[in-house]
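K.L.:
So the chains spell out like this:
Protein chains: 2
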Amino acid sequence: MNASRGTDDPPIVGAVSPEIPYRPRVVILGAGFGGLEAAKALADAPVEVTLVDRQNHHCFQPLLYQVATAALSPADIAWPIRAIFRDQANLRAVMASVTGIDRERRHVVTDRIVLPFDHLIIATGATHSYFGHDEWAAVAPGLKRVEDATRIRGRILAAFEKAEVATDPETRRRLTTFVVIGGGPTGVEMAGAIAEVARQTLRRDFRRIDPAVSRIVLVEAGPRLLPALPEDLSTYAEDSLRRMGVEVRTGSAVTACDPHGVVMGGERLDAETLIWAAGVTASPAARWLGAAHDRAGRITVGPDLSVPGMIGVYAIGDTAHLTGQDGKPIPGIAPAAKQMGRHVGRSIAARVAGDTAGASRPFHYRHHGDLATVGRRAAVVRIVRLHLKGFVGWLFWSLAHVWYLIGARNRIVVAFTWLWSYLTFQRGARLINS
Amino acid sequence: MNASRGTDDPPIVGAVSPEIPYRPRVVILGAGFGGLEAAKALADAPVEVTLVDRQNHHCFQPLLYQVATAALSPADIAWPIRAIFRDQANLRAVMASVTGIDRERRHVVTDRIVLPFDHLIIATGATHSYFGHDEWAAVAPGLKRVEDATRIRGRILAAFEKAEVATDPETRRRLTTFVVIGGGPTGVEMAGAIAEVARQTLRRDFRRIDPAVSRIVLVEAGPRLLPALPEDLSTYAEDSLRRMGVEVRTGSAVTACDPHGVVMGGERLDAETLIWAAGVTASPAARWLGAAHDRAGRITVGPDLSVPGMIGVYAIGDTAHLTGQDGKPIPGIAPAAKQMGRHVGRSIAARVAGDTAGASRPFHYRHHGDLATVGRRAAVVRIVRLHLKGFVGWLFWSLAHVWYLIGARNRIVVAFTWLWSYLTFQRGARLINS
Numbered sequence: 002m003n004a005s006r007g008t009d010d011p012p013i014v015g016a017v018s019p020e021i022p023y024r025p026r027v028v029i030l031g032a033g034f035g036g037l038e039a040a041k042a043l044a045d046a047p048v049e050v051t052l053v054d055r056q057n058h059h060c061f062q063p064l065l066y067q068v069a070t071a072a073l074s075p076a077d078i079a080w081p082i083r084a085i086f087r088d089q090a091n092l093r094a095v096m097a098s099v100t101g102i103d104r105e106r107r108h109v110v111t112d113r114i115v116l117p118f119d120h121l122i123i124a125t126g127a128t129h130s131y132f133g134h135d136e137w138a139a140v141a142p143g144l145k146r147v148e149d150a151t152r153i154r155g156r157i158l159a160a161f162e163k164a165e166v167a168t169d170p171e172t173r174r175r176l177t178t179f180v181v182i183g184g185g186p187t188g189v190e191m192a193g194a195i196a197e198v199a200r201q202t203l204r205r206d207f208r209r210i211d212p213a214v215s216r217i218v219l220v221e222a223g224p225r226l227l228p229a230l231p232e233d234l235s236t237y238a239e240d241s242l243r244r245m246g247v248e249v250r251t252g253s254a255v256t257a258c259d260p261h262g263v264v265m266g267g268e269r270l271d272a273e274t275l276i277w278a279a280g281v282t283a284s285p286a287a288r289w290l291g292a293a294h295d296r297a298g299r300i301t302v303g304p305d306l307s308v309p310g311m312i313g314v315y316a317i318g319d320t321a322h323l324t325g326q327d328g329k330p331i332p333g334i335a336p337a338a339k340q341m342g343r344h345v346g347r348s349i350a351a352r353v354a355g356d357t358a359g360a361s362r363p364f365h366y367r368h369h370g371d372l373a374t375v376g377r378r379a380a381v382v383r384i385v386r387l388h389l390k391g392f393v394g395w396l397f398w399s400l401a402h403v404w405y406l407i408g409a410r411n412r413i414v415v416a417f418t419w420l421w422s423y424l425t426f427q428r429g430a431r432l433i434n435s
Numbered sequence: 002m003n004a005s006r007g008t009d010d011p012p013i014v015g016a017v018s019p020e021i022p023y024r025p026r027v028v029i030l031g032a033g034f035g036g037l038e039a040a041k042a043l044a045d046a047p048v049e050v051t052l053v054d055r056q057n058h059h060c061f062q063p064l065l066y067q068v069a070t071a072a073l074s075p076a077d078i079a080w081p082i083r084a085i086f087r088d089q090a091n092l093r094a095v096m097a098s099v100t101g102i103d104r105e106r107r108h109v110v111t112d113r114i115v116l117p118f119d120h121l122i123i124a125t126g127a128t129h130s131y132f133g134h135d136e137w138a139a140v141a142p143g144l145k146r147v148e149d150a151t152r153i154r155g156r157i158l159a160a161f162e163k164a165e166v167a168t169d170p171e172t173r174r175r176l177t178t179f180v181v182i183g184g185g186p187t188g189v190e191m192a193g194a195i196a197e198v199a200r201q202t203l204r205r206d207f208r209r210i211d212p213a214v215s216r217i218v219l220v221e222a223g224p225r226l227l228p229a230l231p232e233d234l235s236t237y238a239e240d241s242l243r244r245m246g247v248e249v250r251t252g253s254a255v256t257a258c259d260p261h262g263v264v265m266g267g268e269r270l271d272a273e274t275l276i277w278a279a280g281v282t283a284s285p286a287a288r289w290l291g292a293a294h295d296r297a298g299r300i301t302v303g304p305d306l307s308v309p310g311m312i313g314v315y316a317i318g319d320t321a322h323l324t325g326q327d328g329k330p331i332p333g334i335a336p337a338a339k340q341m342g343r344h345v346g347r348s349i350a351a352r353v354a355g356d357t358a359g360a361s362r363p364f365h366y367r368h369h370g371d372l373a374t375v376g377r378r379a380a381v382v383r384i385v386r387l388h389l390k391g392f393v394g395w396l397f398w399s400l401a402h403v404w405y406l407i408g409a410r411n412r413i414v415v416a417f418t419w420l421w422s423y424l425t426f427q428r429g430a431r432l433i434n435s
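For the protein sequence lines, the chains are R and L, in the order given.
Numbering of the first sequence is given in my numbering, commencing with residue 2 and proceeding in unit increments.
Numbering of the second sequence is given in my numbering, commencing with residue 2 and proceeding in unit increments.
Just so you know, not all the hints are guaranteed correct.
One copy or any two copies: either way a pair holds, since identical chains are not told apart in the list.
Straight-line C-alpha distance at most 30 angstroms; calculated DSS-like pairs for lysine-lysine [as the list claims (entries may be wrong)]:
1. K163 to K390
2. K163 to K145
3. K163 to K41
4. K329 to K41
5. K145 to K390
6. K163 to K329
7. K329 to K145
8. K390 to K329
9. K145 to K41
No lab work stands behind these hints, which were simulated from the structure alone.
Please put together the full structure from these sequences, using the hints given.
P.N.:
Here it is as structure tokens:
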């Protein structure tokens, strides 16, 4: 097909069905919130959409912490990409890992096949950033993928198991100390959930240790938790966590992590379980393209989310850097990614339809609000001027998340499981290594 | 504590609470059906029970194949051991792997602690037997633990993903050929479930391959499927599988397995996914004890399930070999293990109470029946003289399994999930590597 390609190169695969007349090929990299919306926005366009993801499922990341704390099962918050798009005839899903992008030939190279494209949407998201200390990744795992969640779940539960048989009190203390690094929504949610696991779920399960006396420490380098939210909600979150027995350490940066503890604010703390919720960095997309990017590795896109200097190439979600009308960078949250995905999908549909004006409309971000849950019956919600706290906030948070879950079955199972846990304090998914 | 022990040996840990007066120590190895029943039977006895398992959960093995075929989530059929025994004050659970048994000192040695015992119940179950070809284990995984099920699930789903991007028709055929080795209940259930996944669940999910044309082959060395069941039910199961598009090959033994296929009855079949449901062998318990055992490695126990020549040591379930009153060996099924566990638990309780007669009562096995499901709306059930087939059998099978699941939450979620799948043909837990 291409003389210059080595025989070891993966085969080039093009149109879905070669016999039908040529239709523009849209390749979407990443089946996160942005990628899904982009694909859906192209459902009726005369194009061939190829949606590439290294996983076979879309993961509802906002609830990953509930898998990590044994409240939900992976399948409750993950949905097979193929099932989502079963009825979208112009889309095919490909499970493969992107290894690079050939700008000249306009090919996406993956570990399995090469995908030529006319339009490319990069929605490969972000991963954890250890601020140059990648060696911390092994000892302080972050929470981005389902595997991360099951690994963290295993570590938390295994720590209690080891503590139960530990004879040395020092060791037992270290095993029952949990440090969550980063005071954003994920960090707040993880710390609150771990406190609930220790103080409620496991309360009567052990004979030699008392999980209720576990130490849960939430470390934030900045002056307050949930910096994206207004002051009063931060304060409320911090107070609620304290009431739940979480030690909140704001204004202290972590300077070292090892298998047995952390150094924060110059002080050493022995802890067997560390969880990283501090920083994220974009996927290597900018490197693949050799495109301009910000410090977090996000591609600096034009007002229409296109990558400057490239025709028909867009970046969205956590892979894109764009400053909103309010002069603030658009936040790396699900609603923003979805809006960007929809916008780019529609732009491409317009371009294909010959509507050049519609094809380059600038993206306008609408910020609906912020929410984070602190634990059972406690959450903080900000919608425009409305600030919700406590039980009302928690109810709103629960409904919002159930609502956005994909698939009726997942909605019902998750709603039921939450009701059950709320009534019984139990967590159904307490599995180590499964 | 013991001069002859090296400093590297794990510490010896004895009674739950050293201050209370001495009570006989009962150590139970394995939290399967047998171990759980034995522990429950000792709930009111003045003993200290230590239940050891390498997992933190009890796994409902009869439904593992449903996890392996993406119908259920691991947490639906696994229950934390600690949660089960939360209210049994005389029991502590220890998550550890047994490495050996010291007959003289009467210690169980694990990777974490050493457990002295007065009474020992060995319920460590069985694992797959590859008839001396352990190298087959990597290419033809069996189905005993939750991890086995998630690994097999990942392989089945990944095979279709690879086939979708494969360009060579040979490769595609190999990737969509599934061989289940062994025609017992597990093999029959796996073959039927894979057929449903391919012909129904995934039917419209792919663009370049048609999962419905997948080959599912069930191989059995013996003359018929489900040898433990009466002829008419075997025939029914075979016919149902054929109707579901499963190739049934009875009377053909597998003589070789490799990553790309099998040799059965002298004929080579290319297949990327092999599943082992052929043989099981007992845990190494007989070796630990140096006790007499049968060809499958099961300890030959006395009529009261005690290990000959050892005081207060019992073996039950798949680790024990005993011939029933009918002259047939007691089958390796859950009900038998439960009955044995209950019997040994009561014997020890009697011994502790000074009732020597009750302490050595012979075990009488009651066979309630056999059941196996072939797939949606098709199962075979034999209860004494009653033979159930088809939908009625399937209903009975479903109810029986939901009934025996531990925990109300699991019962409800599983029942709901089955109803849902039955109505929608969908499977909720389609995750690769999670």
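K.L.:
Please go over all the hints and tell whether each is borne out by the structure.
P.N.:
Evaluated hints:
1. In the homo-oligomer, the alpha carbons of K163 and K390 never lie at most 30 angstroms apart, since the shortest distance is 37 angstroms inside one protomer and 48 angstroms across protomers.
2. Taking the shortest alpha-carbon separations for K163 and K145, both the intra-copy value of 26 angstroms and the inter-copy value of 24 angstroms come in at or below 30 angstroms.
3. For the homomeric pair K163 and K41, the shortest alpha-carbon distance between copies (24 angstroms) is at most 30 angstroms, but the shortest distance inside one copy (47 angstroms) is not.
4. For the identical chains of this complex, K329 and K41 are intra-copy neighbours only, at 28 angstroms inside a copy versus 62 angstroms across copies, given an alpha-carbon limit of 30 angstroms.
5. Proximity of K145 to K390 under the C-alpha cut-off of 30 angstroms is restricted to the intra-copy arrangement: shortest distance 27 angstroms within a copy versus 47 angstroms between copies.
6. For the homomeric pair K163 and K329, neither the shortest alpha-carbon distance inside one copy (47 angstroms) nor that between copies (43 angstroms) is at most 30 angstroms.
7. For the homomeric pair K329 and K145, the shortest alpha-carbon distance inside one copy (25 angstroms) is at most 30 angstroms, but the shortest distance between copies (54 angstroms) is not.
8. Taking the closest pair of Cα atoms, K390 and K329 come within 30 angstroms of each other only inside a single copy of the chain (25 angstroms); across copies the shortest separation is 67 angstroms, beyond that limit.
9. Proximity of K145 and K41 under a CA criterion of 30 angstroms is satisfied intra-copy only: 23 angstroms inside one chain copy versus 41 angstroms between copies.
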